[in-house]
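Protein chains: 2
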Amino acid sequence: MSETSDLQRRLLEHEVLLEMGVELASTLDLARVLSLALQKAEELCHAESSSIWELDDERRELFFRVVRGRAAGEIQSLRVPLGRGIVGSVARSGRAEIVNEVQDDPRWSGDRDSHFTTRNILTVPLIARGSVIGVLQLLNRSGGEGFTADDLRRMQLFAGILAAAVANARLYSDQKRTFLEMVTALSEAIEKRDPYTGGHVRRVVTYSVLLGQEIGLDVEELEELRLAAILHDIGKIAVPDQILQKPARLDAGELQVMERHTVDGAELVGRIRGLRHLVPGIRSHHERLDGKGYPDHLTDEQLAKIPRIIGVADTFDAMTTDRPYRRALTPAAAAEEIARLAGSQFCPVVAAAFGRLYARDAFTLEQGERVLASLSALVPQG
Amino acid sequence: MSETSDLQRRLLEHEVLLEMGVELASTLDLARVLSLALQKAEELCHAESSSIWELDDERRELFFRVVRGRAAGEIQSLRVPLGRGIVGSVARSGRAEIVNEVQDDPRWSGDRDSHFTTRNILTVPLIARGSVIGVLQLLNRSGGEGFTADDLRRMQLFAGILAAAVANARLYSDQKRTFLEMVTALSEAIEKRDPYTGGHVRRVVTYSVLLGQEIGLDVEELEELRLAAILHDIGKIAVPDQILQKPARLDAGELQVMERHTVDGAELVGRIRGLRHLVPGIRSHHERLDGKGYPDHLTDEQLAKIPRIIGVADTFDAMTTDRPYRRALTPAAAAEEIARLAGSQFCPVVAAAFGRLYARDAFTLEQGERVLASLSALVPQG
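Those sequence lines, one after another, are chains A and B.
Here the first sequence stands for residues 1 to 382, where the numbers follow this note's numbering.
Here the second sequence stands for residues 1001 to 1382, where the numbers follow this note's numbering.
Treat the hints loosely; a few may be bogus.
To be verified - No more than 20 Å apart at the CA atoms, straight line, and that leaves these computed lysine to aspartate or glutamate pairs for DMTMM-like:
1. B:1176 - A:259
2. A:176 - B:1013
3. B:1292 - B:1223
4. B:1040 - B:1057
5. B:1192 - A:224
6. A:176 - B:1174
7. B:1176 - B:1220
8. B:1040 - B:1015
9. B:1176 - A:224
10. B:1040 - A:259
Hints are computed from structural coordinates only; laboratory data are not their basis.
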């Protein structure tokens, strides 16, 4: 190969890497981009399959972040202890390796996916802030030659960019998880002052995202709905014990104090710029389409989507749990009630979504937990 | 220039860009790296001075993120409305520009720094997720020629990497700020149930970081101290109104319930993996070196640094505010009390730090606010 064409090839490679770097750096939500990154890595090194493994520091195990070119389903749940196998040994040593005769390597334990035969492996550690956080692996260079020193150099450059992106996404998602967990813990602690509503917050969150998904909200809207639902009763922090814990129906004056939790909660959250968008879900979850709700007596055209959803979830849970002054309704009776009040108390769209879920036995906490789990999974797993 | 040497030059440039990309992507705390990035940009384009401007979306203004090569102090506080001047017009149009005869450009309003004369300007927008988030600017190409189309191409590549890094750092710091604000708002809402302790949380936070800085904690420790101090009384959420609001000294049984706020708060925070490191600050801020504190009667060698600091801050604030059963001490009397109890109730190191601050009139909320402001400034400003 002439010097010029070699230089040109390397220049092109660099351009791919740079583009990839910009794309990777441009997102803190990696799932989509990482798969594209692997595709580029395969192209650059003519590999048949590739994967990114991530190190779970606490359990000292590696797990797949992304796999390309093999039956991902079968091996997706594989976990490899640090130090075990080729992937584990590169993660421990922090040194890149090429193994071109994999059958001869004592660390090799065979293919898990019976439709794929591994011949050669290139493994590069992902190092961020001085620590191994995972491993990039390419399998089977096409042609008989196996991976080259040139491939290794290329992938080490690539790994630098990948590692930074993965580390940032982790940091971001850890912070996000901590935030959600903290806000949930505090909401639940506030709820615990009310002896009649154990587990209410968690159930309203779960029912809300279930309804939201049925209505067709996108992921961002579901995330917003989840956070608003966690916080919907946060204003109860300002309700005195004697009202919150009264073992009987509240009188008019007490009711007025109790109803202030919508305004107080909205006021608290509204002071925080990054959460201001949650105010309608908190302030208006006790409004009714017919204007007979509180605190603002909003009507149909004034009421946002999120409080409509939380309203149904909240009421269903209130109806199906015992209160000091009345017994719980059965779910069937509550479902009838929601259908009856569609258009007056409840948004007909949300009530209809509830009706569909209920009719197919899908309005359950288990189903809702699944929606919540899918939301968390969008955040790269730490 | 021969084709080969041109290719070689471009290859080297790419390598610089790639390295820079990895470095930029490797941090969510940009201040240090951005200045290095500007240095590289100046080298690549032979510029005398450079800067990164960031767009404040809410105020529709650009402000300096970093400046190199000019009297940074003088111009650091400059803010330019979107659309105004060359920088404002590139930020609005989203199109890169070279202005080689700056005196002839009607948008040019002259140099702010009297020691620097601008001749030519290269301005590239920083675009992340489709929106302009700032501008990269180089001033004065050395030699008489001005900036070239080649410089522009290079800096557009560079701007892609920069923009992604700046956008990520912003997202991260916004999330962090939202978390701190939310936790503070909730702590204050919980505190408001106790009519005798208005503003206590905020003052304990402020005093704590002031003491922490005097003792020589590093930034990470100060951040941890701040968060622990915000949360130190969070367990009071579980204390009944009748005890929290009793307008008299508590009896033994009530005291026992009140003292549980340390355990309850630690339990709540301890359930959250990302906050578990804060547990000692919350659980042990009422311990004493002599073992007579609560809840665990820890002694000197068992007591961590953070609760020692919060303990002094908390007690000073309690002593200097009125309580239902006693009047506030004067600050001078409280200072004497802290000195007297050093070694028995209080850690002598913290008490000595308090003593030094107090003696030079620096144990004030204003001084503490300054420490807090410097902590926030470490997070890139959004």
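Right, here's what the structure says about each hint:
no.	hint	result
1	B:1176 - A:259	32 Å, violated
2	A:176 - B:1013	37 Å, violated
3	B:1292 - B:1223	29 Å, violated
4	B:1040 - B:1057	28 Å, violated
5	B:1192 - A:224	28 Å, violated
6	A:176 - B:1174	11 Å, holds
7	B:1176 - B:1220	14 Å, holds
8	B:1040 - B:1015	11 Å, holds
9	B:1176 - A:224	17 Å, holds
10	B:1040 - A:259	60 Å, violated
In this structure, the hints that do not hold are numbers 1, 2, 3, 4, 5 and 10, in rising order.
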